[in-house]
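Q: Chain by chain, the residues run as shown.
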Amino acid sequence: MTLKEFWHRLGSPRWFYQISGPFGWVFGSLAMALLVIGTYWGLAVAPPDYQQGNSFRIIYVHVPSAILAQSAYMLMGAAGLVLLVWRMKLADMVLAATVPFGMSMTALALFTGAVWGKPTWGAWWVWDARTTSMLVLLFLYIGLYALRQAVPRQEAAGRACAVLAVVGVVNIPIIKYSVDWWLTLHQGATFKLTESPSMPPEMWLPLLVNVLGFYCFFGANLVGRLRLEILRREHGTAWVQELMAGGRT
Amino acid sequence: MSFGSLPEFFAMGGHGLYVWLSYGAALLVVFFNAAWVRFARRRYLREAADRTQRSSAAMQAAQETESGRL
Numbered sequence: 001m002t003l004k005e006f007w008h009r010l011g012s013p014r015w016f017y018q019i020s021g022p023f024g025w026v027f028g029s030l031a032m033a034l035l036v037i038g039t040y041w042g043l044a045v046a047p048p049d050y051q052q053g054n055s056f057r058i059i060y061v062h063v064p065s066a067i068l069a070q071s072a073y074m075l076m077g078a079a080g081l082v083l084l085v086w087r088m089k090l091a092d093m094v095l096a097a098t099v100p101f102g103m104s105m106t107a108l109a110l111f112t113g114a115v116w117g118k119p120t121w122g123a124w125w126v127w128d129a130r131t132t133s134m135l136v137l138l139f140l141y142i143g144l145y146a147l148r149q150a151v152p153r154q155e156a157a158g159r160a161c162a163v164l165a166v167v168g169v170v171n172i173p174i175i176k177y178s179v180d181w182w183l184t185l186h187q188g189a190t191f192k193l194t195e196s197p198s199m200p201p202e203m204w205l206p207l208l209v210n211v212l213g214f215y216c217f218f219g220a221n222l223v224g225r226l227r228l229e230i231l232r233r234e235h236g237t238a239w240v241q242e243l244m245a246g247g248r249t
Numbered sequence: 250m251s252f253g254s255l256p257e258f259f260a261m262g263g264h265g266l267y268v269w270l271s272y273g274a275a276l277l278v279v280f281f282n283a284a285w286v287r288f289a290r291r292r293y294l295r296e297a298a299d300r301t302q303r304s305s306a307a308m309q310a311a312q313e314t315e316s317g318r319l
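Protein chains in written order, with our numbering: chain A, 1 to 249; chain B, 250 to 319.
To be clear, the hints were calculated from the coordinates, so they are not data collected in a lab.
Yeah, the Cβ is synthetic: ideal placement off N, Cα and C, and Gly gets one too.
Don't take each hint at face value.
Ranges between beta-carbon positions, derived for each pair [unchecked claim]:
(1) Trp15/A with Glu313/B: 24 to 30 Å
(2) Gly53/A with Phe280/B: 44 to 50 Å
(3) Ser196/A with Ala284/B: 37 to 43 Å
(4) Glu315/B with Leu147/A: 44 to 50 Å
(5) Arg303/B with Phe139/A: 39 to 45 Å
(6) Pro197/A with Gly262/B: 19 to 25 Å
(7) Leu183/A with Ala284/B: 40 to 46 Å
(8) Trp269/B with Ser29/A: 25 to 31 Å
(9) Tyr40/A with Ala298/B: 38 to 44 Å
Short derived list, chain B residues pointing at chain A, Cβ under 8 Å [unchecked claim]:
(10) Ser251
(11) Phe258
(12) His264
(13) Leu270
(14) Ser271
(15) Ala274
(16) Ala306
Between the sequences and the hints, there should be enough to build the whole structure, so can you do that?
A: Here it is as structure tokens:
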């Protein structure tokens with residue numbers, strides 16, 4: 001299969017539905033294993049921080065959720081671009097299916113950040129560059145959700161959401177570099193591509209495991225949501241009718 | 250192992266409230282994301298099955314009244 005053929009097939013919800021079933025199970029099982037290992041490791045095995053004590057263990061849920069909130073948004077931005085350029089049906093479904101997941105991850109990152117901020121900074125919330133740009137991300141997700149509900153025609157709603165998703169991508173580098181550009185309470189990035197982590201391995205290894213676990217969970221969740229979205233939107237087609245009649249969904 | 254006993258583990262050196270609140274929220278978010286897919290799918294399939302059953306029953310009823318008239 002050439003790349004062009006693959007691209008063409010990817011646009012077909014039917015093809016995606018037929019091949020995607022096992023991916024949900026594989027990602028789901030991987031996520032379960034990684035998250036159990038990473039969480040146990042981070043909560044019980046990793047040593048306490050010399051300044052923050054045990055409250056630093058919040059990092060093992062805070063950083064993965066913050067990373068996923070942004071990765072999910074980047075995926076939506078890419079899907080939005082694909083929808084606007086190639087009018088690919090599946091891209092709109094990806095956009096719609098990612099919104100609730102990304103929104104919940106952003107909310108989780110903000111919540112765990114607030115809970116971590118109380119013992120560390122002395123306040124649940126500060127109007128800091130990082131926290132404020134994450135709050136903007138949450139509003140973008142809410143906006144995308146509301147926009148789809150508000151526009152009655154599916155195609156128009158999809159295009160409007162795609163534009164908002166693509167424009168909102170500017171917020172992602174702002175979140176990423178907010179800790180470098182502005183004077184901030186928030187600490188710098190734990191993982192950087194060009195440098196080794198500022199933490200010892202017994203602290204960052206469980207974090208890496210949990211980040212991978214969250215990514216796998218996103219994969220499984222997205223596959224599940226997409227498959228349902230495909231059944232809903234393609235319910236009138238012969239292949240879905242056949243699938244439903246045979247009970248082989 | 251970072252803790253000597255189970256009560257020590259739960260206390261988290263005095264930061265138990267913050268740590269468990271965060272992990273509790275994470276568990277809820279993961280659980281609801283996973284559960285939503287499962288329940289929404291099941292509900293959709295059940296409703297779709299009901300719809301096809303209703304429409305085929307209506308078709309049958311229509312056919313019967315038509316053959317009764319003849």
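Q: Compare the structure with each hint and give your call.
A: Evaluated hints:
no., hint, in the structure
1, Trp15/A with Glu313/B: 24 to 30 Å, "violated, 41 Å"
2, Gly53/A with Phe280/B: 44 to 50 Å, "violated, 28 Å"
3, Ser196/A with Ala284/B: 37 to 43 Å, "holds, 39 Å"
4, Glu315/B with Leu147/A: 44 to 50 Å, "holds, 47 Å"
5, Arg303/B with Phe139/A: 39 to 45 Å, "holds, 42 Å"
6, Pro197/A with Gly262/B: 19 to 25 Å, "holds, 23 Å"
7, Leu183/A with Ala284/B: 40 to 46 Å, "holds, 42 Å"
8, Trp269/B with Ser29/A: 25 to 31 Å, "holds, 27 Å"
9, Tyr40/A with Ala298/B: 38 to 44 Å, "holds, 41 Å"
10, Ser251, "holds, 6 Å"
11, Phe258, "holds, 6 Å"
12, His264, "holds, 4 Å"
13, Leu270, "holds, 5 Å"
14, Ser271, "holds, 4 Å"
15, Ala274, "holds, 5 Å"
16, Ala306, "violated, 15 Å"
In summary, the numbered hints that this structure violates are 1, 2 and 16.
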